[in-house]
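Peer 1: Take a look at the letters that make up each chain.
Number of protein chains: 2
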Amino acid sequence: MSDRYFIGVDLGGTSMRVAIAGDAGELLAHVKASTYPEAGPESVFERLSALADEARTTAGLKHGAAVAAWGVAFPGPVNHLSGVLTTPPNLPGWHNVPVRDLLTPYAKAPVVVANDAHAAALGEHNYGAGRGVSEMVYMTISTGIGGGVISRDTLLYGADGTAGEVGHIVVDWRGPNCNCGNRGCLEALASGTAIAKAAVERLQTGAKSSLQAFTQPLTAKDVIEAAHQGDPLANEVFHEAARILGAGCVSVVNLVNPRLIVLGGGVSLHAANLLLGPVRERIAQRALELPRGNVNVVLAELGDEAGLYGAIALARQVVT
Amino acid sequence: MSDRYFIGVDLGGTSMRVAIAGDAGELLAHVKASTYPEAGPESVFERLSALADEARTTAGLKHGAAVAAWGVAFPGPVNHLSGVLTTPPNLPGWHNVPVRDLLTPYAKAPVVVANDAHAAALGEHNYGAGRGVSEMVYMTISTGIGGGVISRDTLLYGADGTAGEVGHIVVDWRGPNCNCGNRGCLEALASGTAIAKAAVERLQTGAKSSLQAFTQPLTAKDVIEAAHQGDPLANEVFHEAARILGAGCVSVVNLVNPRLIVLGGGVSLHAANLLLGPVRERIAQRALELPRGNVNVVLAELGDEAGLYGAIALARQVVT
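Quick note, the sequences are listed as chains A and B, same order. Read the first sequence against the working numbering and you will find it ends at 411, with the numbers running on by one and no gaps. Read the second sequence against the working numbering and you will find it ends at 411, with the numbers running on by one and no gaps.
Among the hints, a few may not be true.
What the hints assert, rightly or not - Using C-beta positions, here's what the derived DEER-type ranges look like: (1) Glu331(A) to Ser140(B): 55 to 65 Å; (2) Lys123(B) to Glu327(A): 56 to 66 Å; (3) Lys299(B) to Ala375(A): 40 to 50 Å; (4) Pro201(B) to Glu380(A): 22 to 32 Å; (5) Asn385(B) to Ala115(A): 32 to 42 Å; (6) Leu390(A) to Lys299(B): 50 to 60 Å; (7) Lys123(B) to Arg222(A): 42 to 52 Å; (8) Glu380(A) to Glu137(B): 22 to 32 Å.
Stated by the list, open to error - Sample of chain B residues at the chain A side, in silico, Cβ under 8 Å: (9) Leu172; (10) Gly174; (11) Val175; (12) Arg222; (13) Val262; (14) Cys271; (15) Val291; (16) Glu331; (17) Ala338; (18) Val347; (19) Ala375; (20) Pro382.
Calculated directly from the structure, the hints in this document are not laboratory data. Even glycine gets a Cβ: it sits at the ideal position worked out from N, Cα and C.
Using the sequences and the hints, build the whole thing.
Peer 2: Set out below in C-alpha cells:
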C-alpha cells in the first residue's frame, strides 16, 4: 500500500502542472510546462503523459510504485458523472470532449475530473486554509467569481457538476447585465472586471483621482494599488465592491451555513486588507443569528496552486 | 425486522401530529391533537407520548412490534448534532431546549430532530413531488419563506443545522428591511407578507383596485383572490413577486444545481398558476446554461403534511 502514489494535474489555457503525491497525500514532486490546447485533446494528453513521466522521475519513486489514480482540474465545466468537458472558455475547440475517457489510456489508472474552481476548493480544504473544516465555501475573486461548496468534507457537485457558482448568485435582481446573460449577479458587481468598470464610470463623470495618471484601460489591480495609496475614489469603489461581496456572502452563509469562507483569487490576495473587514462586518451584522455566530472569513493559502493540490485530493477520492 | 415501526411527529405551535410507519416507510396511522407549548417541553412530551400510544393502537401493530426510531419536526431552528432547539418563534419560553435528549426517555428509542422546513423538504423528497430526485430544493412560500436543500439524497444541514434558508438569500442588497435584520432578502420581497405589503403600498398611492372592497388589513390570500378575478393591480403585484422569486431561484440553481425545485406553502399552492410560469421562465432565461438545462419547478404534493412525512423519513435515517 505504501508504494502507491497519486498524480494531480491542473490544466490551464496556457500551462499545465503535474504533481506527484505519496500515499498520505504528501507532495513528492511538482513540474510545469506550457500547453497548446489548439492542438486538441489527444495532443495535450500525450504531452501531459510525458510530463507525468518527468514528474515521476523527479519524485524518485521506489521501484514498483504503482499509480493509484489521476485527478485532473480543467478550466471549464466538467460533468463529474460523465467526465465530459462542455464549454471551456480558454480551451478553443474543446467542446463536449469526453476528457476523462480520452485521458484514461494515457493515465493507465482511474481518472477523476473536476472544474478548476471545484479543484481549488478541494485544494484549500485538504491542504490550505480549510484544513479540518468540514463545512466550508471557497470563493475566488479575480476577473470573474467562482467557487465551490464543501459539506461534510465532500464537494457539492449538484445534478450536473456545476454547483458552487457563487459568482452567479443575484445580489440585485434589477442590476447590471452579467456576462452569463443574467442581471445583477455578484460577478457583475464585485469581480475584478466590475471593480475596474466602476472606477472607469466614476472617472467618466469627471471625478478626480490618481487613477487618471494610470495607463488605460484600468484594471482591478490599478484600483487596488490606488486604494492602497489612499486614493479616495479607488477606496470608495473598492469599499462598495466589498460590501456587495459581503451581501453575496450573507446569501451563502444563510443558504449553506458554512463554518468558514475562504477567499482566493487575485483580487482577494492583493486587496485582503480592504476586503476582509467589510465582508466580515456585513456577515456579522446581516446574516442569520445562528449561522453567523460561528462562521469565519479568511484568505486562501495556496495561491495559484490550489487547483493542483485539489487535483491530488480528487485522485485520492478514488481509494480513500 | 419486518415487525419494527417508526414514529414521525410534527410539532407545531398549536397542534401536534403523530404518524406511525411500517418498516418500508408506509404510513399505518395518523393522529392529531392540540398542544399547549406554554406548559413547557416536559408536559408537551408527555402528551405526545400518549398520542403516540393512541397512534400505535390505531395502527393495529402486531404483538411484539418494536419502535425503531422517532423523527420529530420542530417549528424552529434545531441543531442536528446537539439536538438543541434554540429560538422557536411559535413556542414561547422554549429557548435552548435540548429537545432530543428530553424526549428520548418518553420515546424509548433513538430520536432524530429537525426544523419543520428541513422535515418538509425530506417529506417531499421521500413521499412527495421529489420522489426519486437525488438533487432537489424545497421552498415553502407562506407568510415567510423557508426551505431545505437535498443533495445526493441527503439533507444539507450545514455547520449548525441551519442550511437551506432560501428566504434569506439577498435579491436586492440595497432593498427593504427584512425581519431577520438584513436588507433585500427574498422573504422581504416575495413572501406572502411582502405581497400583501406591496398591494397596500400601491393602494396608498391612490391606485384603483377591487382590493379596496376587501376587509382590511389585506392578506396575500386576498391579493391572490383578486388576481384570480382579473384585478390588474393584484396581478401586477403578484407578477413582480413571482419575478423576484424567480431571481432567487436563479441564485439557488446556480449555487446548488438541483434537478428539481419543489414549491410548497400557502402562496405556492393557492397561486400556482400565477407563480410557476414566471419562475420557470426566469430560470430558463437567466440561470447558467448547464444547470438550467435539466431543472424543473413543480408544486409540492403533501400540503401541510410534508413535515409529518419528513419526520418519518428522519426516523428512518437511523436504521437505513
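Peer 1: Decide, hint by hint, whether the structure agrees.
Peer 2: These are the hints, each one checked on the structure:
In this structure the supplied range 55 to 65 Å holds for glutamate 331(A) paired with serine 140(B), their Cβ-Cβ distance being about 56 Å. Hint check: lysine 123(B) to glutamate 327(A), Cβ distance near 58 Å, so the stated range 56 to 66 Å holds. Checked against the hint of 40 to 50 Å, the pair lysine 299(B) and alanine 375(A) passes, with Cβ atoms roughly 45 Å apart. Between proline 201(B) and glutamate 380(A) the Cβ separation comes to about 29 Å, which falls inside the hinted range of 22 to 32 Å.
With their beta carbons about 38 Å apart, asparagine 385(B) and alanine 115(A) fall inside the hinted range of 32 to 42 Å. Judged by the Cβ atoms, the range 50 to 60 Å given for leucine 390(A) and lysine 299(B) holds: they are separated by roughly 56 Å. One distance hint, 42 to 52 Å for the beta-carbon pair lysine 123(B) and arginine 222(A), holds here, with the actual separation near 49 Å. At about 31 Å, the beta-carbon gap between glutamate 380(A) and glutamate 137(B) stays in the expected band of 22 to 32 Å.
A least Cβ separation of about 11 Å between leucine 172(B) and chain A goes past the 8 Å threshold, and the interface hint is therefore violated. The beta carbon of glycine 174(B) comes no nearer than 15 Å to any beta carbon in chain A, farther than 8 Å, and the hint placing it at the interface is violated. Proximity of valine 175(B) to chain A is violated relative to the hint, the smallest CB-CB distance being about 11 Å (cut-off 8 Å). Restraint check, arginine 222(B) versus chain A: the minimum CB separation of about 16 Å is more than 8 Å; hint violated.
The restraint placing valine 262(B) at the interface with chain A holds, with a minimum CB-CB distance near 5 Å, inside the 8 Å limit. Hint on cysteine 271(B) holds. Least Cβ distance to chain A is approximately 6 Å, under the 8 Å limit. For valine 291(B), the interface hint is violated, since its Cβ never comes within 8 Å of a Cβ in chain A; the closest pair sits about 21 Å apart. Because the beta carbon of glutamate 331(B) sits about 10 Å from the nearest beta carbon in chain A, more than 8 Å, this interface hint is broken.
A distance limit of 8 Å between C-beta atoms decides the matter here; for alanine 338(B) the minimum to chain A is near 4 Å, and the interface restraint holds. Hint on valine 347(B) holds. Least Cβ distance to chain A is approximately 6 Å, under the 8 Å limit. Annotation: interface hint on alanine 375(B) violated; nearest CB of chain A at approximately 11 Å, more than 8 Å. About 5 Å separates the beta-carbon of proline 382(B) from the nearest beta-carbon of chain A, less than 8 Å, and the hint is met.
Hint check: violations occur at hints 9, 10, 11, 12, 15, 16, 19; the rest are consistent with the structure.
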